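Quick mapping for you: the protein sequence lines, in order, are chains A and B. Residues in the first sequence are numbered consecutively from 1, following the UniProt record's numbering. Residues in the second sequence are numbered consecutively from 1, following the UniProt record's numbering.
Misleading hints may appear alongside valid ones.
[Said to hold, decoys possible] In silico contact screen, one side only, chain A against chain B (beta carbon under 10 Å); selected entries:
1) LEU51
2) LYS158
3) GLU191
4) PRO194
5) ALA201
[Stated by the list, open to error] Counterexamples of contact, computed for chain A against chain B with all Cβ distances above 12 Å:
6) GLU80
7) GLU186
8) ARG245
9) GLU266
Hint data in this document are derived by calculation from the structure and do not stem from the laboratory. Quick caveat: nothing in here was measured; it's all calculated off a predicted structure. Note that CB positions come from ideal geometry on N, CA and C, so glycine has one too.
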Amino acid sequence: MHIVVCVKQVPDTKIIKINPKTNTLDRRSAPAILNPYDAHAVQEAVRLKKLVGGTVSVVSMGPPQATAIIKKSVEIGADEGYLISDRAFAGADTLATSYALSKALERIAKIKPIDMVICGKHAIDGDTGQVGPGIARRLDIPPVTNVIEVTEVIEKDKKVVIKRKLTSGYEIIQAQLPCLLTVEKEINEVEYSPLPNMIRAAKYESIIWTVADLENVDKVQLGLKGSPTIVGKMFSPPKPEGGIRLEGTANEQVNKLMDLLMEKKELFTLQTTK
Amino acid sequence: MSEKFDVIVVGAGPAGSACALTCAQSGLKVLLIERGEYPGSKNVMGGVLYRKQMEELIPEFWKEAPLERPVIEQRFWMMDKESVVSFGYKGLEWAEENNYNNFTVLRAQFDQWFASKAVQAGALLINETVVLECIVENGKVVGVRTDRPDGDIYADVVVLADGVNSLLGKQLGFHKEFRPDEVALTVMEVINLPKEKINDRFNLSDNQGCTIEIFGDSTKGNLGTAFLYTNKDSLNIGVGTTLSSMIKAKLKPYDLLDYLKNHPMVKPLIEGGESAEYLAHLIPEGGYRSVPKVAGNGVVLIGDAAQLVNAIHREGSNMAMSSGKMAAETIIEAKHRNDFSESSLNLYREKLYDSFIMKDLEKYKDAAHTFEKYPQYFNEYVPMMNKAMSKFFTVDGTPKRDKQKEIMKSITKERGVINVAKDMYRAWKAVK
Ligand SMILES: Cc1cc2nc3c(=O)[nH]c(=O)nc-3n(C[C@H](O)[C@H](O)[C@H](O)COP(=O)(O)OP(=O)(O)OC[C@H]3O[C@@H](n4cnc5c(N)ncnc54)[C@H](O)[C@@H]3O)c2cc1C
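Construct the entire structure; sequences and hints are all you get.
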């Protein structure tokens with residue numbers, strides 16, 4: 001089985017700051033990492049490879065430094081890594097990104113036919129979750145989102161059994177191969193990579209493609225030109241205010257609490273629309 | 001058996017990267033293992049990087065390395081509670097490329113860059129991997145055991161560049177646990193401050209840096225020093241004393257740094273800055289006598305792991321790099337002979353003892369001990385100097401000659417003539 005995982009280099013949003021003047025992410029303020037959901041996606045591909053055999057490839061679109069996350073994927077256990085890197089891709093929104101990645105996947109499929117594509121649920125610097133389904137649509141394969149378990153791979157029938165997370169509970173579905181999964185973090189634990197993988201990753205040279213290396217590309221759909229999305233505004237959410245500490249005897253505390261609740265009682269009445 | 005390397009270097013600080021770089025440049029197969037998320041992620045240094053030893057490894061490194069400012073002024077402060085006696089040197093020649101003397105750096109960036117040069121030369125770097133122990137077979141180090149699954153890896157020589165604590169060196173029995181007077185505990189902070197403010201307060205332009213070493217009240221009179229260095233748009237401020245002084249005086253390192261930051265001589269320089277990072281680290285200060293065995297069968301120790309620090313001149317990173325280079329040269333020669341025994345690798349020891357490193361450490365071999373045993377240098381002479389200067393510069397109608405007499409009298413009165421003479425002789429002997 002050939003599984004290809006789409007990975008993205010993102011700023012670590014746990015530390016990133018927003019530039020208050022321009023309302024954009026100050027990317028210098030945080031180190032670049034492998035999008036955490038994608039790490040789970042690579043791990044799942046590696047787990048399935050161990051189960052049924054085959055090859056795991058990863059593909060990313062980004063600047064030349066993004067080879068760092070390809071190396072990271074090799075540490076987790078990927079066999080090959082492709083980076084599409086070209087000025088023509090710059091400034092892409094989710095529409096243009098999924099177009100470019102689908103072209104890269106078509107090219108990879110020529111080297112070795114693809115049985116499954118896995119993406120993270122979303123990238124932590126955008127949280128849209130649109131690229132995965134966008135790719136599936138363009139490749140005309142079924143998108144299966146919010147996957148929390150790949151229960152079974154039935155190779156001879158070209159089918160997989162999958163558990164999907166729903167708002168309440170989960171569902172178990174069967175999908176035909178090839179298909180595209182987007183995975184949640186609960187799908188697995190990213191393992192501590194064995195030393196031989198680390199050494200292989202340190203040596204590994206990513207395969208880098210420019211637009212010219214891809215086939216049948218409609219350049220108008222790439223990069224900024226192919227991106228209809230406009231970001232209106234970006235802001236840091238307000239810091240939550242600290243709680244109130246009630247002191248005194250149990251009775252006093254209860255009374256104070258009741259007073260406070262009564263003051264805010266409109267919060268507890270059901271809003272009805274007229 | 002898994003893949004075998006010519007050299008495994010443990011720790012990607014200045015010592016490890018220098019060694020890995022030199023080995024890789026001569027075509028050896030090198031594996032550099034670092035426990036941090038990236039080289040330098042947790043490494044600590046006041047921040048003065050010396051040109052000479054770095055240049056021997058990477059010519060014209062300043063054109064490319066992430067440096068902060070070339071240092072054009074070095075100040076020394078003898079600080080009392082509300083005063084300071086200051087001297088130093090500022091020279092514009094140090095701002096010129098041909099004469100750069102040293103630079104301020106932030107280690108998190110510098111170490112990462114330095115390690116990347118070793119990688120460019122062909123070394124393999126793996127991060128986030130802890131070496132747990134050396135693998136010893138038949139009395140010879142043959143590889144290392146890491147904390148990763150399938151984590152054993154083999155080499156002809158293992159280089160321990162794992163820093164001051166060198167757990168690995170201790171495991172091999174090369175050195176013992178530290179005595180508290182052999183190490184200094186230092187805490188430091190990186191304080192962000194706009195470039196213009198730094199330039200104003202320290203009287204500098206953009207590409208000029210200043211270092212201040214502070215003695216006396218900076219450590220509340222204990223054996224140790226404090227420092228304040230200028231980066232591009234931040235300051236490094238820190239203070240440390242030997243562990244033994246800290247224990248004896250019941251000092252808490254954090255309190256000491258707080259005290260320093262609020263000292264009336266220091267506060268105006270850092271005022272309004274935003275604390276960006278807080279770091280604590282040990283410095284090996286035992287000097288000459290604490291340098292352990294540095295070569296064994298299949299193994300060498302370099303940098304802080306071999307306790308190579310000149311505390312009096314705050315030189316550590318340069319000794320780390322030079323020792324790394326000397327070890328590498330030895331390993332390259334050993335490879336030609338295909339002999340990695342202790343006697344073969346002891347060539348490194350010879351190089352080390354022949355170099356400025358051991359010569360300088362030898363020169364100051366009694367200094368720390370003297371200053372530790374006789375605390376008056378820090379807690380009595382510094383205040384005396386301040387009083388003397390105050391008296392000397394106060395214009396009150398007393399003739400200058402009388403003032404000098406009065407100053408001498410008050411000094412000898414406080415310590416006694418014989419004692420002063422003894423103190424002076426002792427100090428001279430310690431640093432001569
Ligand atoms: C506060 C302070 C101020 C200083 N100021 C100066 C100064 O201004 N100028 C100067 O020249 N020197 C200064 N020094 C000294 C200087 O920092 C050291 O001498 C120098 O860093 C030594 O380099 P090293 O490579 O030997 O060790 P380190 O820089 O400590 O590097 C050791 C490396 O090994 C890694 N490591 C450790 N154990 C393991 C393991 N088991 N497995 C894998 N990796 C491991 C560590 O993560 C680290 O990256 C200062 C030191 C301190 C603490």
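Results for each hint:
Given the 10 Å rule on beta carbons, the hint for A/LEU51 is violated: about 18 Å separates it from the nearest Cβ of chain B. Interface restraint check: A/LYS158 against chain B, minimum CB-CB distance 33 Å, threshold 10 Å, status violated. Nearest Cβ of chain B to the Cβ of A/GLU191: about 8 Å, under the 10 Å cut. The hint holds. Satisfaction of the interface hint for A/PRO194 is found here, the shortest Cβ-Cβ separation to chain B being roughly 4 Å, below the 10 Å cut-off.
With 10 Å as the threshold, the beta carbon of A/ALA201 comes within range of chain B, its nearest partner Cβ sitting at about 8 Å, so the hint holds. At the 12 Å boundary, the C-beta of A/GLU80 stays outside the reach of chain B, the nearest C-beta of that chain being 19 Å off. Consistency note on A/GLU186: stated as away from chain B, and its beta-carbon is indeed over 12 Å from all of that chain's, at 23 Å minimum. With a closest Cβ-Cβ approach of about 27 Å to chain B, A/ARG245 is found to remain outside the 12 Å limit, as its non-interface label requires.
Against the 12 Å criterion, A/GLU266 stays outside the reach of chain B, whose nearest CB is about 40 Å from its own CB.
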